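6 protein chains.
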Amino acid sequence: MTTPFPHPLILDPLLIQWLQEDWGRGDRATQALFGRDTPLAQGTFLLKEAGVIAGLPLIERIYHLIDQRVECHLKVSEGTTCPARTVVAVVEGPAQALLMGERVTLNLLQHLSGVATMTRRYVERLAGSKTCLVDTRKTTPGLRLLEKYAVSVGGGLNHRFGLDDAAMIKDNHILAAGSITEAVKRVRAQIPFLAPIEVETETLDQVQEALNCGVQVIMLDNMTAPLMEEAVKLIAGHAHTEASGGITLETLETVAATGVDYISTSATITRAPWLDISLDFRTTAL
Amino acid sequence: MTTPFPHPLILDPLLIQWLQEDWGRGDRATQALFGRDTPLAQGTFLLKEAGVIAGLPLIERIYHLIDQRVECHLKVSEGTTCPARTVVAVVEGPAQALLMGERVTLNLLQHLSGVATMTRRYVERLAGSKTCLVDTRKTTPGLRLLEKYAVSVGGGLNHRFGLDDAAMIKDNHILAAGSITEAVKRVRAQIPFLAPIEVETETLDQVQEALNCGVQVIMLDNMTAPLMEEAVKLIAGHAHTEASGGITLETLETVAATGVDYISTSATITRAPWLDISLDFRTTAL
Amino acid sequence: MTTPFPHPLILDPLLIQWLQEDWGRGDRATQALFGRDTPLAQGTFLLKEAGVIAGLPLIERIYHLIDQRVECHLKVSEGTTCPARTVVAVVEGPAQALLMGERVTLNLLQHLSGVATMTRRYVERLAGSKTCLVDTRKTTPGLRLLEKYAVSVGGGLNHRFGLDDAAMIKDNHILAAGSITEAVKRVRAQIPFLAPIEVETETLDQVQEALNCGVQVIMLDNMTAPLMEEAVKLIAGHAHTEASGGITLETLETVAATGVDYISTSATITRAPWLDISLDFRTTAL
Amino acid sequence: MTTPFPHPLILDPLLIQWLQEDWGRGDRATQALFGRDTPLAQGTFLLKEAGVIAGLPLIERIYHLIDQRVECHLKVSEGTTCPARTVVAVVEGPAQALLMGERVTLNLLQHLSGVATMTRRYVERLAGSKTCLVDTRKTTPGLRLLEKYAVSVGGGLNHRFGLDDAAMIKDNHILAAGSITEAVKRVRAQIPFLAPIEVETETLDQVQEALNCGVQVIMLDNMTAPLMEEAVKLIAGHAHTEASGGITLETLETVAATGVDYISTSATITRAPWLDISLDFRTTAL
Amino acid sequence: MTTPFPHPLILDPLLIQWLQEDWGRGDRATQALFGRDTPLAQGTFLLKEAGVIAGLPLIERIYHLIDQRVECHLKVSEGTTCPARTVVAVVEGPAQALLMGERVTLNLLQHLSGVATMTRRYVERLAGSKTCLVDTRKTTPGLRLLEKYAVSVGGGLNHRFGLDDAAMIKDNHILAAGSITEAVKRVRAQIPFLAPIEVETETLDQVQEALNCGVQVIMLDNMTAPLMEEAVKLIAGHAHTEASGGITLETLETVAATGVDYISTSATITRAPWLDISLDFRTTAL
Amino acid sequence: MTTPFPHPLILDPLLIQWLQEDWGRGDRATQALFGRDTPLAQGTFLLKEAGVIAGLPLIERIYHLIDQRVECHLKVSEGTTCPARTVVAVVEGPAQALLMGERVTLNLLQHLSGVATMTRRYVERLAGSKTCLVDTRKTTPGLRLLEKYAVSVGGGLNHRFGLDDAAMIKDNHILAAGSITEAVKRVRAQIPFLAPIEVETETLDQVQEALNCGVQVIMLDNMTAPLMEEAVKLIAGHAHTEASGGITLETLETVAATGVDYISTSATITRAPWLDISLDFRTTAL
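Protein chains in written order, with the numbering used here: chain A, 1 to 286; chain B, 1 to 286; chain C, 1 to 286; chain D, 1 to 286; chain E, 1 to 286; chain F, 1 to 286.
Calculated directly from the structure, the hints in this document are not laboratory data.
Check the hints yourself; a few may be wrong.
To be verified - Taking lysine-lysine pairs in the BS3-like style, the calculated list, with each CA pair at most 30 Å apart, reads:
1) C:LYS75 x C:LYS48
2) B:LYS48 x B:LYS75
3) E:LYS130 x E:LYS170
4) D:LYS138 x D:LYS48
5) A:LYS48 x B:LYS138
6) D:LYS48 x C:LYS138
7) B:LYS48 x A:LYS138
8) E:LYS185 x D:LYS130
9) E:LYS138 x F:LYS75
10) E:LYS48 x F:LYS170
11) B:LYS75 x A:LYS170
12) C:LYS75 x D:LYS170
13) A:LYS185 x C:LYS233
14) E:LYS75 x F:LYS170
15) B:LYS185 x F:LYS130
16) E:LYS185 x D:LYS233
17) D:LYS138 x C:LYS48
18) D:LYS233 x D:LYS170
19) E:LYS48 x E:LYS75
20) A:LYS233 x A:LYS185
21) C:LYS138 x D:LYS138
22) F:LYS170 x F:LYS233
23) A:LYS130 x A:LYS170
24) D:LYS138 x E:LYS185
25) D:LYS130 x D:LYS170
26) E:LYS233 x E:LYS170
27) D:LYS130 x D:LYS233
28) F:LYS185 x F:LYS233
29) B:LYS233 x B:LYS130
30) E:LYS48 x F:LYS138
31) B:LYS233 x F:LYS185
Every value quoted in this text rests on a predicted model; they were computed, and no experiment measured them.
Could you build the full structure based on these sequences and the hints that come with them?
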């Protein structure tokens with residue numbers, strides 16, 4: 001089960017902004033050629049390489065905004081691992097609408113599918129382990145909701161959506177407050193009573209101090225596997241544990257073997273190439 | 001010389017939107033710990049891997065929006081190829097402001113530097129050739145201005161910024177109009193008189209027809225190198241020529257050898273991993 | 001320590017909208033009389049009845065937006081319980097600016113101080129008990145950030161700021177899912193990994209089931225004091241407990257005596273009359 | 001007859017903003033449980049205490065914005081004085097939509113009905129008198145249109161909607177201009193020719209001077225009943241008269257007995273507790 | 001004395017929108033040539049034909065938004081009738097800023113000065129008469145505040161700024177209600193108590209009926225001069241009188257001779273050619 | 001064939017803004033009289049003077065935004081030269097909707113038809129010549145898309161839509177760069193590779209230099225007819241030629257006789273009086 005897809009009242013303003021960015025003052029060629037008679041056309045979204053498809057609900061939202069006469073037919077389920085040449089969706093409607101929505105739809109679909117595909121690769125490495133993969137706040141500005149959704153489609157979990165989702169106490173906060181204990185105390189007093197607190201730790205002493213404060217999550221930052229294993233044992237389920245810092249596809253299994261609950265990485269977003277997808281048109285009624 | 005950096009009246013609304021996305025209802029930890037006394041701090045933007053830095057003017061814009069007391073000092077020039085461990089900028093000001101701007105600034109800086117770095121790799125392959133590298137409209141929604149700016153910082157040129165920048169007549173348009181000649185005629189009559197027209201061609205016949213129409217740019221789409229070479233000769237400088245379609249770092253030189261003017265690729269944006277950059281803090285006046 | 005005051009990048013768009021609502025096409029009388037010569041004036045914010053002052057930082061933000069020459073001097077600390085006739089702030093600057101900001105500033109200050117005053121009355125009843133008072137999502141549309149801030153100034157804690165702050169599983173959700181266990185399982189799988197879950201319960205069986213699911217908060221909804229006491233004992237600190245439903249100033253102490261951690265009420269916002277505050281002007285340089 | 005309900009082109013942007021405030025990044029629990037299968041449900045808006053219902057047209061607007069499949073059935077007329085336990089409206093549609101609109105709809109309905117109920121109490125005291133009750137600009141920021149609408153539903157009349165609706169010349173304006181005569185002259189010359197002017201007066205001399213200026217409304221500010229009676233006689237129908245300043249439910253009849261045309265009070269908004277209303281759900285097709 | 005110039009909180013959003021319209025993605029030539037070194041320059045606003053200057057305060061607002069280093073020096077007073085070749089203002093600052101603001105500033109200044117010039121011509125025809133010239137709601141969409149301001153600079157008065165400024169009861173309203181009396185009664189009951197009512201009349205019977213209703217303004221629509229004179233006599237000062245319908249510069253004096261209070265015309269806006277103004281640059285520090 | 005009409009995603013935000021400008025807080029008279037029962041009505045758009053109709057598609061867009069039940073029937077084609085008394089369109093639907101959209105629709109229709117009518121007069125003077133008429137960036141702020149559309153309906157062509165559409169190198173740019181050659185070189189390096197460059201010239205030497213730079217368009221600014229003729233011969237088709245500067249209806253043919261490709265003038269917009277159009281109502285179902 002994945003993170004729910006954003007509601008239109010939240011998503012549509014972004015989609016409109018992105019269409020306006022692509023159109024500027026209008027589509028010179030398409031509006032000139034199809035603006036008046038609006039022949040009907042059919043477009044086929046085709047995967048050109050194997051991967052995990054993510055973002056299919058966007059197709060309907062985007063075309064709904066452009067022209068409500070466009071009909072969208074999904075051919076696979078969101079999150080399916082598809083071979084190259086898979087038809088993932090078909091759209092039918094006025095040629096002008098189909099062409100004017102093409103680029104923004106593909107740009108989103110390709111990027112999100114790239115993220116889901118990369119996430120799936122990470123998640124598969126963790127199969128059989130109880131450790132879960134989570135994302136970070138390293139997301140492309142403007143796309144956080146959608147990129148985190150794509151991580152979830154790929155099989156990852158979501159960490160904070162923003163600075164208000166939980167209080168993350170990092171080294172600078174601790175330095176400023178004087179100690180983990182003091183930082184947690186002061187933060188606790190100023191945030192919603194059920195907002196979770198996560199503390200970043202680098203040593204076992206810090207882990208112990210965070211544990212004493214009763215925080216919800218303890219981040220084990222840049223620890224060696226043996227140290228992390230000790231930390232996980234020390235915590236013993238009294239807080240969630242999150243491994244963070246420079247973890248790669250190669251080191252994933254070693255880190256998971258420490259028994260840590262969560263491994264966070266930005267790589268599923270920041271190192272994911274776009275999946276190659278095209279939209280092939282056929283004018284149906286000229 | 002690069003594409004000019006966007007004016008604040010155009011850029012600031014996007015930056016504000018992105019900060020709001022990251023903050024949600026506020027920075028729980030930072031506002032709790034630094035909200036009242038606002039100690040001063042210093043932050044150092046540090047490259048953690050070698051690459052081309054792009055986006056430095058963003059640092060000042062973002063911190064100006066958050067707190068006008070923050071001072072930004074750039075340590076390298078935009079577009080410099082830097083070794084790992086280069087300090088690219090230093091910011092000084094209230095700790096709360098520095099921390100609240102950290103993530104959005106880094107997300108942009110890392111992504112744009114990744115694009116510039118990838119572009120530089122492509123551009124260097126074309127050194128000694130008269131062929132130029134250009135981008136496409138495959139850009140991350142919301143980031144087109146900045147990603148195209150980053151391509152330019154990396155040494156590439158910019159193609160259309162939107163569907164209104166020029167009229168690009170593609171296969172579907174030609175099909176719908178009946179012929180290249182008819183499509184160009186109809187488009188020409190409905191666009192600003194100085195808007196350029198580019199026509200997508202796949203055969204020498206199409207090239208000849210486009211040439212006859214007096215279009216400004218002829219795209220040679222997915223042609224083999226020998227065919228492209230013939231096309232370039234046929235055009236003989238009477239229109240700009242643009243090679244497009246599945247060109248990779250490996251095939252770049254072969255394509256350039258055909259004498260084509262421009263090679264367009266989306267890979268400098270869609271396949272560029274983020275460059276690793278961190279912001280290291282030091283509280284200066286607790 | 002209170003909830004941090006919202007950052008200008010979040011608050012200013014609201015303040016601008018509210019000033020525009022009050023001004024329409026402009027202040028007919030003030031702009032006619034003070035628009036050209038801008039005499040200087042002084043305004044004194046005066047409490048006309050005893051209460052807790054909340055919203056003082058708004059004065060500077062609002063006048064900063066109207067005219068940056070206005071200077072604001074706070075005379076008491078945010079959250080102070082003041083007697084009638086207390087001067088809480090003085091503003092100095094162009095008469096036109098002072099008058100055009102008067103109504104919006106007072107409307108906010110009076111309403112927020114009313115909320116803080118009412119909250120303080122509730123909180124004082126809980127003195128000596130370990131039970132904390134929290135607010136709800138029953139807030140005036142558009143004012144949630146500020147009203148929750150005012151509750152915190154009055155001494156209360158904040159519950160969720162929105163539907164995304166935590167997952168609250170209510171009776172309808174349970175009914176739909178078939179059981180608390182199933183509902184928690186499905187929700188857990190689709191929300192950020194550190195998002196807390198709260199479950200609404202009405203019976204001890206439900207309390208036990210929620211407890212078994214390991215949720216963070218158990219709401220004891222409309223329970224009698226004896227039943228609530230049993231529930232609190234059953235939970236025994238393994239989850240936070242929240243009493244909710246029809247609790248009044250009169251029943252507050254009885255409920256607290258059950259040992260429940262939190263009592264939530266909307267009354268501090270929905271039943272709080274505005275505190276009477278005026279802005280008295282003196283033109284200083286005609 | 002009441003003030004017309006705001007047109008959707010004016011109201012919808014506010015409603016969308018308020019829904020976004022409540023949802024943040026989405027409804028964690030509801031979207032997780034109802035996001036995919038969208039069972040149908042029925043919701044009943046139930047008055048839990050006696051009062052005047054106001055804001056019923058909001059129900060349809062809000063649910064129309066969330067999901068156009070929701071159907072709304074009003075069971076009583078706007079402005080009806082209802083006993084406790086009255087069903088005022090029923091909504092039917094996808095469970096997710098009903099739940100996601102619940103809180104904002106209720107917050108508005110409860111607050112506006114509270115205002116209408118309080119206004120009705122004031123207005124009833126004036127029954128048999130020719131004096132009308134009017135509101136002021138002391139309204140909750142962002143809600144002025146709706147709160148003034150609610151006052152009208154309760155039986156009151158509306159004063160200015162904003163600073164541009166009429167020119168209100170207050171003591172500070174008079175002081176600055178030197179005299180009522182000079183102030184009226186200067187304001188008259190700079191406002192739309194049919195914009196009414198109201199002057200605030202505290203003495204009979206001021207009343208006489210305002211009368212001489214031919215203003216449309218004379219405010220009798222903080223006058224004793226005998227003084228006000230003299231003022232009303234002096235004015236003798238040559239201008240509208242408005243009593244203002246500290247008038248309570250208790251003093252209302254005494255003031256009306258002076259023969260004044262209008263009594264303005266902010267109490268119908270600033271001292272009105274929310275009316276208790278709930279939305280009871282029943283899932284109809286699980 | 002003129003209508004006050006709009007406050008920046010109301011005007012700036014429009015100015016920003018208009019600059020963005022003119023710039024699109026940026027000023028290709030200027031940003032390329034002046035973007036980096038920002039030489040200083042001086043610009044002179046020069047009237048190229050005689051006329052009334054209006055809109056001078058816009059110069060400072062626009063340049064303030066583009067670059068706060070630009071300094072503006074006004075050389076004549078707003079509303080001055082200037083001969084050709086008058087320098088009305090000088091701006092100094094970075095060349096890029098001056099050039100990027102040129103077109104929008106001139107477009108506004110030329111149009112508003114055109115309106116003021118045309119208005120002055122009408123107003124001068126009424127010299128010696130007690131009749132005033134007023135504008136209408138026939139204004140260019142988006143520019144109503146500024147065009148009405150320009151009418152006032154030219155010597156005219158402003159009629160309604162919008163449909164909410166007063167209730168104008170026209171023939172269709174009367175038809176729908178059954179009679180003027182019924183229409184006025186129903187409107188009166190649903191509008192703010194001090195909102196004026198104007199009724200459109202075409203016959204003396206209608207004038208009499210409107211008079212009986214006690215409305216504030218009676219419009220004498222498309223009446224012949226003799227009929228209008230009778231109407232004015234009938235009304236005898238008990239309501240304002242407004243002549244409307246097809247009045248031209250030529251018929252102005254005849255209409256004024258009827259003794260009517262106001263003559264409304266859209267011609268000062270809809271038939272006013274732009275005044276020719278240029279901005280001459282001199283780069284001061286290359 | 002004309003410039004395509006703007007897509008709703010681009011146009012609707014402007015239309016909504018303009019309706020809100022006209023309505024303010026609502027239509028006092030219409031909402032009071034037609035707000036509740038919504039009788040049906042019919043409105044006829046009637047030309048009251050001869051001219052070219054432009055903007056007909058706006059009628060449907062505006063009424064669609066106000067009330068989707070309104071039906072629009074166009075009676076003539078966009079761009080038709082109509083005699084006085086032509087019915088150009090009929091609208092049917094709720095009376096309230098028809099009345100509330102009247103003013104904004106007429107203001108746009110009258111202004112755009114005025115522009116199209118004036119343009120047609122200019123264009124007709126060029127009949128038989130190969131010279132085309134083009135517009136400029138002297139457009140009413142906020143209305144550029146629509147005014148340029150209206151020019152095209154009248155038979156003119158469009159020049160740049162904004163500063164990003166092409167790089168126009170003017171005298172100040174040349175001065176700053178040192179020479180046309182240097183200016184073109186620097187601009188060429190910083191703009192999209194297919195963006196055209198136009199250079200402003202005043203002498204044959206400048207024309208020759210611009211020609212040598214290979215620019216797309218050479219503007220012949222304020223040249224005498226004989227000089228312009230020489231310039232056109234010199235250029236000999238190697239660049240587009242544009243005559244600019246003080247050209248009037250009277251001098252149009254002389255300028256065209258020089259063989260120049262394009263003549264640009266702002267007069268079709270800045271000197272065009274609105275065409276007189278009315279909307280006549282008939283209530284159909286009272």
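query: Would the pair LYS185 of chain E and LYS130 of chain D pass a check requiring their Cα atoms to be no farther apart than 30 Å?
result: holds, 16 Å
query: Holds or violated: are the alpha carbons of LYS138 of chain D and LYS48 of chain C at most 30 Å from each other?
result: It holds: about 16 Å lies between the C-alpha atoms, which stays within 30 Å.
Agreement of LYS233 of chain D and LYS170 of chain D with the hint, judged by alpha carbon distance not exceeding 30 Å: Holds, at roughly 22 Å.
field: 30 Å Cα cutoff - pair LYS48 of chain E, LYS75 of chain E
entry: Since the Cα atoms of LYS48 of chain E and LYS75 of chain E sit roughly 15 Å apart, the hinted pair holds (cutoff 30 Å).
- request: Would you check the hint for LYS185 of chain A and LYS233 of chain C, treating anything up to 30 Å between C-alpha atoms as holding?
  value: holds, 26 Å
- request: Would you mind confirming whether the straight-line C-alpha gap from LYS75 of chain B to LYS170 of chain A stays at or under 30 Å?
  value: Roughly 26 Å separates the two Cα atoms, so the pair holds.
- prompt: Quick one, are LYS185 of chain E and LYS233 of chain D close enough, alpha carbons at most 30 Å?
  reply: Answer holds: LYS185 of chain E to LYS233 of chain D is near 26 Å, not above 30 Å.
- prompt: Taken at face value, is the distance from the CA of LYS138 of chain D to the CA of LYS138 of chain C at most 30 Å?
  reply: Holds. LYS138 of chain C to LYS138 of chain D sits at ~21 Å (cutoff 30 Å).
query: Is it true that the CA of LYS233 of chain A sits at most 30 Å from the CA of LYS185 of chain A?
result: holds, 25 Å
query: Are LYS48 of chain D and LYS138 of chain C close enough, with their CA atoms no more than 30 Å apart?
result: holds, 16 Å
- prompt: Straight-line Cα separation of LYS138 of chain D and LYS48 of chain D no greater than 30 Å?
  reply: holds, 28 Å
- prompt: Is the hinted pair LYS138 of chain E and LYS75 of chain F satisfied, with a Cα-Cα distance of at most 30 Å?
  reply: holds, 24 Å
The structure is consistent with each of the numbered hints, conforming to all of them.
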